[in-house]
Amino acid sequence: MTDASAGANAELQALADKVVAQAGPGEQLEAYVSRGGHTEVRVYQGEVEHFVSAQSEGIGVRVIRDGRTGFAYAGTLDPSAVDEVLAEARDNVTFGTVDEWAGLAEPDGVAPTRQTLWNDDLASYATEAKIAMAKELERLTLATDARIRVDDANYADAWGEVAVSTTTGIRETGQENGCYVQVSTLADDGDETQTGFGFSVGRNPDDLDLGRASVDAADRATRLLGATKPPSKRLTVVLDPFVTAQFLGVISSTLNGESVVKGRSLFRDRLGEQVAADAVTLVDDPTDVHAYTATDVDGEGLAARRNVLIEEGALLQFVHSSYSARRAGTTSTGNATRGGFAGTPGVGCLALALRPGTRSQAELVAGVDDGLLVQSVSGLHSGVNPISGDFSTGASGMLINGGELGAPVRELTIASTLQRMLLDVLEVGGDVDWLPMRAAGVTLVIGDVMMSGA
Amino acid sequence: MPLVIDHDICERVLSTAMRTGVDFAEIYGEDKRSTSAGLDDGRVEQVNSGRERGAGIRVVAGETTGFAHTSDLTESGLIAAAEAAAAAARQGGGGTRTVALTRSSHQPSNDVQRYPDTISKSAKVELLTRIDEAARAAGAAIVQVSAGYGDSRKRVLVANSDGLLADDEVVRCLLRISAVADGDTGLQTGYESMGHTIGFEVFDTVDVESLAGDAARQAITKLQARAAPSGSMPVVIKHGTGGVLFHEACGHGLEADHVAKGASVYAGKTGELVASPLVTVVDDGTMAGEWGTLTIDDEGHPTQRNTLIEDGVLTDYMWDFLRSRKDGRSPSGNGRRQSYMHLPMVRMTNTFVLDGESAPDDIVRSTEKGVYVARLGGGQVNTASGDFVFGMTEAYLIEEGEITAPLREANLIGNGPQALRDIDAVGSDFAMGGPGTCGKDGQGVPVGTGQPTLRVSAMTIGGTAA
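Just so you know, the protein sequences line up as chains A and B, in that order. Numbered by the numbering used here, the letters in the first sequence go through residues 75 to 528 in order. Numbered by the numbering used here, the letters in the second sequence go through residues 230 to 695 in order.
Hint data in this document are derived by calculation from the structure and do not stem from the laboratory. Take the hints with a grain of salt, since some may be wrong.
Covered stretches of chain A (chain B as the covering partner; in silico rule of three or more C-beta atoms under 8 Å from a C-beta of chain B) [what the hints assert, rightly or not]:
id : stretch
1  : 120-128
2  : 331-339
3  : 451-460
4  : 479-487
Since the structure is predicted, the reported quantities are computational estimates derived from the model, not experimental observations. Quick reminder that beta carbons are idealized off the backbone N, C-alpha and C, glycines included.
With the rest of the complex left out, here is chain A:
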């Protein structure tokens, strides 16, 4: 951490401390102050289509009194607005229901793992270099294949710093930045158009792999050309790492301690039981610096930590914030989430990953007699219900026949239930891929899934 950044953090912490110092008798106060910015360069046909340079800041204040909670926020750190936020939060307290478990996090003695999530090279990266990178990405992508057009090529970076202080003794700051490139493609063969995308993420512009992003984007689009709607049948699916990461995102909500205590998780009564195949070991580890969402502390300022949730198929624990933990009679696992200053803490996995196996995607495909390599899914928000477990999504990909990749297929769905899919996992690949999401990608083979088509 540089001196300049330490100074910025100290300024935010001082502001948070100042609010918390105004706590009255019998009043718990939490101030969450953040500041951040992003740059976004979009290139189209060799020109900058847009260049966005933006900064924002704000404060959220939570007040707890007599078991009632109130909250208010403002998208500014202007002193008069900060005073207004505190007054509003205090007013809001009176309308809540008394909740014996309401309260802020208390320091639990777990020291945060200090990771390097800030990169000075990125912070000082020149605007011209960002534009050049987006233009180069478009050029590389167009050069991959004559059938490829580029819908847009993007470079983006973001930085954020945060301070949280509470009357219970929490005082934490954090600071991070990151960048990525992303390209969207269109492939035409005269009759139809298919789309693809590719990206690369890093904490440093040098980490970004433009070649890989361009090749992925071209391959994803061109290999779907000529795709047809397949007949319906049960088969084995091989999920591409990007799809697996989205699948883990859905699974994570079933392991949410707040859903469990409120009776909304399908695993609520299953602690200690075998809920998945032996091949499944699922770990939430925001202290792994490779994770895009790595963090030192959670949304309440407690140390983020490594938690094994499912070990060789057995459900070991749920993730908790201090609130859900109090209700469940356990301790926080450091899994409070927070969507910035405008929200109150929730509960969730922070950086989920399956323990990888050893084989490559090609080796896994070679072992499947009748299957589908799922390249993309759509409608995860509309066809998957993490409370009932029903799972149905639109998909596209390639059929697998006798261990060989066959015809491309689209306009199909794959369906099962979350409960069955975890038990039907046949193998986890060795190809872990860190993505700009809360879960890592890896190839995943799941048996007995219904494919619906014609």
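Using the hints, position chain B against chain A.
Chain B in isolation, oriented as in the chain A frame:
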């Protein structure tokens, strides 16, 4: 009503932006106050208040748009943002241009009778406790209820270097209810919501108990549900619940930005038959009180009623201001943005299908075997290939012309142009649906949808039953 940013300051800030020889500059100012309250597990968990105030400044030079935003609405703060946006857009050049603004004749107008910020928080919280009671009263199987209330009052201002100055005030109220039922088959969920661009008086006419009862009934009914079928069959969609099909099957594909980049299956199809002649699709931002309604869009132009598909023929796309300005045509009032921190783009408002002539009951009765969708969830589309999905959150089998067994949730998948051609019956019972949030390029905006009962002769149902 005072402007979010003074007239004179707008002129000076725009003149500063234009001083660098760019082609166009725009200020979007916003001052929004919101209140929300959440009830879960029988408790009002908390009441939240929010304040967001700031301006986004857009500067266009040639093909390049520069954009910066600030929460500092002083003249110096705005000038700094204007200089940043201009620097981002500039490709050389120079020169001087002053900007003189004329306030639009479209004065801000709404029919709000009771501004939500004048209503006590206890009255808002009371709505939630009534919902909780009504949903739990629907049956012993209901084990969990959560309900959310939200309102917002937003003043906006748009000023641009063409001399436009327009302002408006937008007031919205929203309720969401979700219920969980527990039975031998596990947990099931039900969901209802209502949202209107109107004041708190909306709750004088909306029966929140009945809305809560509907959410609970959905969850209880689904405890008896069987697995949805797998494969292609006719789908009948109940009125007022299936507008999202058109939002996905053609709405996004008719947005001029996708069309211009050749990333829409509807590009170059104006004047052609793209749907069943039974289908007329309209996007209308002027409908009184609807969730996607606006007096002016977020580029300062009046919203209007735009017919997109008439009797199956594609009549026009939806446009934002910059693209219509470039093409020398009038804007359609579809330039929208999530907030002052976002660039505007082409978006839908309220998108719906007009009434046909079939009796809704006859549509079901004439379906030998199929699926009756009583409530749709969200959807997603790939505008370039036209493939789209949408979820069915309440659905039943149709057997021999009768609605029979409830079905578990699943997605349906189809291809936009094919699904539009396959509509073989359109009912005469038009209704608008619940409030939606449309996501595009990372921005969410409120949209409305609606349609009469109708039938698609074949769609793929993504269930697990043979």
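Status of each hint after checking the structure:
no.	hint	verdict
1	120-128	holds (count 8)
2	331-339	holds (count 3)
3	451-460	holds (count 6)
4	479-487	holds (count 4)
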